[in-house]
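Asker: Sequence:
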Amino acid sequence: MRQDLGVILKVMGLSTTIALLIKYAMPSFPIPVGDSIALFSILLPSAIVAFILKFQSNR
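Whatever position you read off the sequence shown (first residue = 1), add 1066 for this note's numbering.
Watch out, some of these pointers could steer you wrong.
What follows is a list of derived Cβ distance ranges for each label pair [as the list claims (entries may be wrong)]:
1. P1096 to M1067: 44 to 54 Å
2. G1100 to M1067: 45 to 55 Å
3. M1067 to Y1090: 27 to 37 Å
No lab work stands behind these hints: they were computed from the structure.
Glycine included, every Cβ here is placed at the ideal spot set by N, Cα and C.
Can you build the whole structure from these sequences, using the hints too?
Answerer: This is the structure we're talking about:
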C-alpha cells in the first residue's frame, strides 16, 4: 500500500513539473508554426510509448 502511494505521488509530481514547464518555459522558445510541427508533436508521444512497449515485450 505504501509503495503504491509512492508511485502515485511520483507520477503526480512529474506531471506537475511537466505542466509547469509547458506553461511557463515553453512560450519563450521560438517554435515555427507549421503542419509538420503539429503532426510531429501529436505522433511523437505515441511513437515513444510504442517503442517502449515493444522493447519491454522483447525482454
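Asker: Could you run down the list of hints and mark each one as holding or not?
Answerer: Verification of the supplied hints:
1. About 47 Å separates the C-beta atoms of P1096 and M1067, a value consistent with the hinted range of 44 to 54 Å.
2. Look at G1100 against M1067: about 48 Å separates their beta carbons, and that is inside 45 to 55 Å.
3. Range check, M1067 to Y1090: Cβ separation about 35 Å, and the 27 to 37 Å hint holds.
Violated hints: none; the structure is consistent with every hint.
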